[in-house]
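J.: Residue numbers (the working numbering), protein chains in the order written: chain A, 1 to 478; chain B, 1 to 478; chain C, 1 to 495; chain D, 1 to 495.
Rather than coming from a laboratory, the hints here were simulated on the basis of the structure.
Mixed in with the good hints there might be a few duds.
Unchecked claim - Quick list of in silico lysine-lysine cross-link-like pairs, DSS-like style, CA-CA up to 30 angstroms:
no., chain 1, residue 1, chain 2, residue 2
1, A, Lys-414, D, Lys-125
2, B, Lys-331, B, Lys-414
3, D, Lys-470, C, Lys-2
Stated by the list, open to error - Cβ-to-Cβ under 10 angstroms is the rule here; a few derived chain A residues that face chain B:
no., residue
4, Leu-353
5, Pro-381
6, Gly-382
Idealized CB from N, CA, C, for every residue including glycine.
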Amino acid sequence: MRYLPNSPRDRAEMLRALGYSSIEELFSQIPEQIRFQGRLNLPGPLSEQEILEFFREAAGQSARKYASLLGAGAYSHYRPAAVDALLSRGEFFTAYTPYQAELAQGTLQAMFEFQTQGTLQAMFEFQTLIAQLTGMEVANASLYDGSTATNEAVLMALRLTRRNRVVVAKTLHPEYREVMATYLRHQGTEIVDVPYSPSGQLDVAALESAVNKETAAVVVQSPNFLGAIERFGEVAELVHKNGALLVVTVNEPLSLAIVNPPADADIVCGEAQSFGVPVAFGGPFVGFLATREKFVRQMPGRLVGQTTDTEGRRGFVLTLATREQHIRREKATSNICTNQSLCALAATIYLCLLGKQGLKALAEHNMAKAHYAARQLADVPGTSIPFASPYFNEFVVKTPGNADGLLRELQAEKILGGVSLERFYPELKEHLLVCVTETVSKATLDRMVEVHRNFSVRNEAGAGARSASSRPVGQEKA
Amino acid sequence: MRYLPNSPRDRAEMLRALGYSSIEELFSQIPEQIRFQGRLNLPGPLSEQEILEFFREAAGQSARKYASLLGAGAYSHYRPAAVDALLSRGEFFTAYTPYQAELAQGTLQAMFEFQTQGTLQAMFEFQTLIAQLTGMEVANASLYDGSTATNEAVLMALRLTRRNRVVVAKTLHPEYREVMATYLRHQGTEIVDVPYSPSGQLDVAALESAVNKETAAVVVQSPNFLGAIERFGEVAELVHKNGALLVVTVNEPLSLAIVNPPADADIVCGEAQSFGVPVAFGGPFVGFLATREKFVRQMPGRLVGQTTDTEGRRGFVLTLATREQHIRREKATSNICTNQSLCALAATIYLCLLGKQGLKALAEHNMAKAHYAARQLADVPGTSIPFASPYFNEFVVKTPGNADGLLRELQAEKILGGVSLERFYPELKEHLLVCVTETVSKATLDRMVEVHRNFSVRNEAGAGARSASSRPVGQEKA
Amino acid sequence: MKDHPRHARPHITRDEGLIFERSSPGKCGVDLGAPDVPPASASELLGEEYYRKEIPGFPEVSELEVIRHFTRLSTWNYGVDTGLYPLGSCTMKYNPRINEVVARLEGLATDHPYAPEEVTQGCLKVLHDTARCLAEITGMDAVSLQPAAGAQGELSGILIIQACLADRGNPRKYILVPDSAHGTNPASVATSGYQMRPLKSDAHGCIDPNELDRAMTDEVAGLMLTNPNTLGIFEVRIREICELVHRKGGLVYMDGANMNALVGIARPADFGADVMHLNLHKTFTTPHGGGGPGSGPVAVKKFLEPYLPSPMVVQAADGTYGLDYNRPKSIGRVRAFYGNFGMVVRALAYIAANGGEGLLETTQDAVLNANYVMRRLQDLYELPYNEPCMHECVLSDHRQAARGVHTVDIAKRLIDYGFHPYTTAFPLIVQGAMMIEPTESASKEDLDEFIDAMRAVAEEVEEDPEFVLKAPHTTRVSRLDEAGAARKPILRWKP
Amino acid sequence: MKDHPRHARPHITRDEGLIFERSSPGKCGVDLGAPDVPPASASELLGEEYYRKEIPGFPEVSELEVIRHFTRLSTWNYGVDTGLYPLGSCTMKYNPRINEVVARLEGLATDHPYAPEEVTQGCLKVLHDTARCLAEITGMDAVSLQPAAGAQGELSGILIIQACLADRGNPRKYILVPDSAHGTNPASVATSGYQMRPLKSDAHGCIDPNELDRAMTDEVAGLMLTNPNTLGIFEVRIREICELVHRKGGLVYMDGANMNALVGIARPADFGADVMHLNLHKTFTTPHGGGGPGSGPVAVKKFLEPYLPSPMVVQAADGTYGLDYNRPKSIGRVRAFYGNFGMVVRALAYIAANGGEGLLETTQDAVLNANYVMRRLQDLYELPYNEPCMHECVLSDHRQAARGVHTVDIAKRLIDYGFHPYTTAFPLIVQGAMMIEPTESASKEDLDEFIDAMRAVAEEVEEDPEFVLKAPHTTRVSRLDEAGAARKPILRWKP
Ligand SMILES: Cc1ncc(COP(=O)(O)O)c(C=O)c1O
Ligand SMILES: Cc1ncc(COP(=O)(O)O)c(C=O)c1O
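Can you build the whole structure from these sequences, using the hints too?
T.: Below is the structure:
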């Protein structure tokens, strides 16, 4: 096998040194009856060329020939070539976590910082970039994804407040809400939903009645799952008045280049996939979590800290490891061990490349495209943009007919036209969530609008009770 | 511009330090009338995404959807992923030649070996691998390509023998012969062609009458341009009897894994593109030149030598630089400076990966496929394999009609069916040069044979004087 | 002190500050060009309330500087590509290059998780095929690829046990975890809502069936074990152990992080595990990436399939693939979308490259290597549990500690010899543990060099313990002030 | 001696022997599987006479070992990615990553040179577009992309001159080459069959029109000059010089290796050059690759077009591209196929990324950087020709040589400071030359660090010349025995 560096001669010599006469003897301690006797029924062995052919075949049965207007937590952005060029350096991608530490002689001693200074410094930069973006004081060195980051934020809030009730915007990504349900079910935590208002933003009145003195956290996503950018002033006041923590999830963090970060939040967490990480059918992505300095000892996940060596030179170590499972075991702030380091590195490289100007320009670019698309759609008779609140690169469009049918028509035009919202919000039957990034050309957008127009014309003609169904959805009971 | 690391502020500070008030002043020594006043009419500036789109568009207008049976000096072989992964390391591909040396205080001092030990050791390995493959004693660290390597071998032979007449097999790659003509024209060197025999190999009788005591070198390619593997015993004797040098060109060096190298040759040179270098529309490739130790001081190009440092540790340096242009200027053994280092590195990596067993297995694989294809074609009535000599992965097929017409029919089936030989050998009108490597599937070969069969059937029907044209071509006067 | 042969030397490397320190206003590593739609003013569209003018302190550098910055940082790292990485429990094996290529193929790297199933058949097939392979390897009946890493696999598995027992009427309260377990095990149990009850190992470092019998009350939902355990020892009484747990109404969770010892040799389902996770980033060559991403599929016996996370990838009668969300008994989602798909692609490529025979040969080499190291070092380093080992062995610093030199110090000295250290301080049941996992990616030549280095350090400890205590002597940074870092944490750059 | 701040430190790096020393029988880095055709016995097909049983000594290693081997070797190299590379005359500028991506696109990386033109329109278009861009940049009328590197471009150009003059009746015998010229110039002249006649530079390091006037007899075919010359000085009387050569029936060849000083600023065709080459691996960012591949297109004025190498890429009236072999006056081929196509792709990507404005800005930065370095060092290092420089400057070791320290020694000491040395020993007209070309890829920050290092070394030379003479002090190998290597050359490994 081409990956194995021992030759038959090496093996024979080693067996001889061990006093074994066959490789089988190495396994003699395993009771016979539980030894696997058969041959594993697996594909292969394949040559490298055959592997490539197999996956090319699979890659061929993909949506790569389609233009995509899908977002909803996974955003297609152009990835500069430098990102993969750097990630592909063996010293980065074949290194282990610099995570081991020992409590020796009463103090914590890290072990691997000598051979992972590169990763450590890069993660320190990641923490800084995330803190800058979110306007928070500190950030950790990544979590699995936006969904678990949000969940970890809630768990952190439960620990910080010692309360057991969480108020969650219904416009938090539905899958994030599901994850939270999975994790909190067994903690006896009460989860309370807050609906959206007709504008698409959080229904502040509903929030007011939902939040109380038992509430540990209020979780709001912005831009939310309907694309609406939230306003936080009043929300934060309400939350803090009740002694709860405000957790804000951002899963299109490119928005933070032109949208004010939620300054009054206590934890800002989310998904950084937009920053140089491929969409890759949903993973691996990269969760982040930023907060205030005073909460740092309740943070989940790894933290890189700056320090100095015996000669006074700057160096980086994993710090505050006493929060973590390898030191604290069942009392750790989280069970996370392996995180998403390489994706965090991708995000770091990406953010450095784009930088202050590039990220802003790209955000404006996205915004211009999305707003162009929305304006064109709004001009289609029978089609509307139901939510009036500000949005970034993603918005909801209401169609005068079956959304799935429309999507199929777009698909025939090689356009994946959006996410049908009915699946997540039964009340949003004829609504599509449309995302427009810099990767979609104007020509595609125009073609998309044409399909909408034709669909509208056809459906308008046949529509009976149209006026009823076009009433703003936010007003329906959520 | 994204590649430039100076900020406007940096520039202003530097100008100030220099006492200039504008960047224009830097160029004030250039007379006004010869300053370029216009704006360069060039594409761009393009964003990275636009560049990718531009070249994707170009790549789309390619033969990538075609199976290829084209060889003739450029061979499609599978390139293991490790090759590019390693070539892409910045320390390799963004380094300069370790070539500078200075004649200081009477001795030669190299300068850059401290920061190019990696490249130097790899080139030493390349030299070793090429020497092993060719069965020669020493090899250099690459030349431009097979054509110039062959030419350099001839120039070397002219210097070594101080003669000025070269005998060249007509089955040396026609473009290599053209290159030689370009270089030798002005040296007053006489070039004499030797035809091929009916078997496809060199016509030894013709060689005998061509080679004489004024002959510096006899140049033979093997496998030759018609795919025939040459036999060298008698040839070498003839050459050496006349005091000439035998230069053997190999441009499908994979053959050397199962074909004896020309042990009696004085110089074995050629093209190593087969070893992990992409076909890339004909370049960059990688020429090599191997010879006997006693000729080393007349070799062209760079040579890496092993030595020790002051502490006795092994190290590598460029050596015998007094042959080279940067030391010897107009008296150098060649004008080459920049060579094909990175391609030589690719070949080194490739040969290490395949190694003794893999290279042989691959060669056998190629041979099996080519012979399968040839056998199937030989079975097609009216189609024949005109040359009887042994071949490796490339052979000539004779068709019963216009070869270009047949190629067009194959092309319609998405097969590039071979190189029409008439272009290079007017006497080989209905002949195709067909190359079959491991990259072509049996299914493709079977499809190819089908097209040949249909073509034959159609042409056989209409053919009049068929028997005449099917006489072995080698017998025609070459 | 004797000068032992070393397989490494110092060489000049570039310094590199923080990227923020390279920043200068007006530089940018990308040029975007103008959008092809009419420009829109973000500040107008958003209005003052929302519009952000700038991100203070954000870096401004050119493309070249980014390349140099991260290239330089990378040179301070040690990876599997650099050399032997005998980090116990981490299975630092070779990451094949073709895996990186196929995971980046357009289509696989670009498909959107919400794209219609009919246009993402390739991705779905990769998920489905991989799940089938992992089921075959573990002997289990169903596999979910959703968990993002081992720890999440553990949590999912424990939640599955909980759901199953709840269905049976009583989820119970405790999970037993041997004292040798990896830190994520107790942490995952705690996250699941269960309480952790430690189980003391016996004199062989294994689970003591009597101890287990005592501990396995009717409040105990199950046992979470690792096999081979973290000492690298196969639990020879595993069958008995599982039967005992089952008899007492519990379920057995197996931490499959050590599957590199078993693939092709023994299947957890066959010896009694009910549910387990795998670490694709250990056994199945997906790169560790300096700390992730991983992938921690969870595999279960048939009766637990209904509880697996939702959705599941299924194949219809017509051969097409789809996602099944209709899983009323499922523990729910543990993360968004379908798992770390990119890692799954790599794992499948690895499995297919090997086939069954290749994987078996791999396991054999991994076990052979570990035994070779153990036997060639046990005269100089204490071997607390003298048993044949599987894929890794655990020695201890017992003798060296007598001279004031601890596992950590020896580990650091190894760096001067050109090696990445072994795992220290784990498992906790061995005082001064030195946990060595060579994996199959070490050649005999590598091992001999490593053994020589370990032996040389043992000699150095005898001759000059002070010197070892100050190691490493050849790295860019010397020992860093950990305590200071924790006391007043500096967790970000500030201008 | 004062401890000057350095921007580099030693760090442990792995040793690595020759790959042959890792070899062990039976290992292999690939698995090929069986062919899908009936197997054939090569030994039978070939017979004893031809069949080779094995390649003695050929390596046998696994994929992992190949990765480790070359990864380790790479860490002993210094590249543009590592840091400032102020190697005069080499234009070591940033190699954009997108260039590497597009050059590897299937189609561009895989098309066969003999594939029919109708299926290779993309490749042909790339060649055609690039030729057009280079013509625009140089002001020339036609460009051949065939030459493999600068030296081959030179040869092609000289052969073109020869062909043209021969056509005019007399090819003449000599080519004038200034004494400051790069070694390839005289070597290429010699290869062409002409004889080289050196031309002495004047007090400003430039061509002396009077000297030229004397030398330019009717046996002289032309002048081969470099502008800016190898001192980095623009030949301010270039127009006059070219006119003189033309008047005397000669032609002017310009070595365009220094075009990084001129792009967007001045065009050689406009100031009188008739034929020139470009180094795509200098001015146009194709990577040097540790010594190549390069690409040395040759550009000519209209009247020389018929002599360009064959074939030429042409565009038909219908917009399609093709190869024109019907070139009766051509000098012929200088290599197989159409040039180093892969490098052409990269150069075009670079040009398109910049556009005209970007290229101009690039030139400005390159020239600004060189002047900045020159002016900030000339108080400590001799500046033999005190003229404003273009893209590079040449200082000398004159003052340091008085203390026994030469340019080579200073260069080696720079390594300890974390820099790649400048070019030494060239141009030959400056004794103890220190030729510094920062390129536009150096930031002011880089330059300031470099200048500090140069100044520190100058101080060290005063304080402790011996220490400098022994430099470098921080590299894996110390000074290597060059003389021994040349005396008894070991050019290959032997078992
Ligand atoms: C034995 C064992 N179990 C579980 C884990 C946790 O896996 P992960 O890091 O993927 O969460 C590890 C990883 O270090 C381990 O070694
Ligand atoms: C001034 C000058 N001319 C010509 C050349 C030769 O170019 P190449 O190395 O591409 O053959 C060089 C390269 O070093 C050079 O610096």
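J.: Against each hint, give a clear statement of whether it holds in the structure.
T.: Hints versus structure:
1. With a C-alpha separation of about 28 angstroms, the suggested pair Lys-414/A and Lys-125/D falls inside the 30 angstroms cut-off, and the hint holds.
2. With a CA separation close to 52 angstroms, the supplied pair Lys-331/B and Lys-414/B exceeds the 30 angstroms bound.
3. With a CA separation close to 27 angstroms, the supplied pair Lys-470/D and Lys-2/C stays within the 30 angstroms bound.
4. Look at Leu-353/A: its Cβ gets to within about 8 angstroms of chain B, closer than 10 angstroms, so that hint holds up.
5. With a cut of 10 angstroms, the hint placing Pro-381/A at the interface with chain B is violated, because the nearest CB-to-CB distance is about 34 angstroms.
6. Because the beta carbon of Gly-382/A sits about 35 angstroms from the nearest beta carbon in chain B, more than 10 angstroms, this interface hint is broken.
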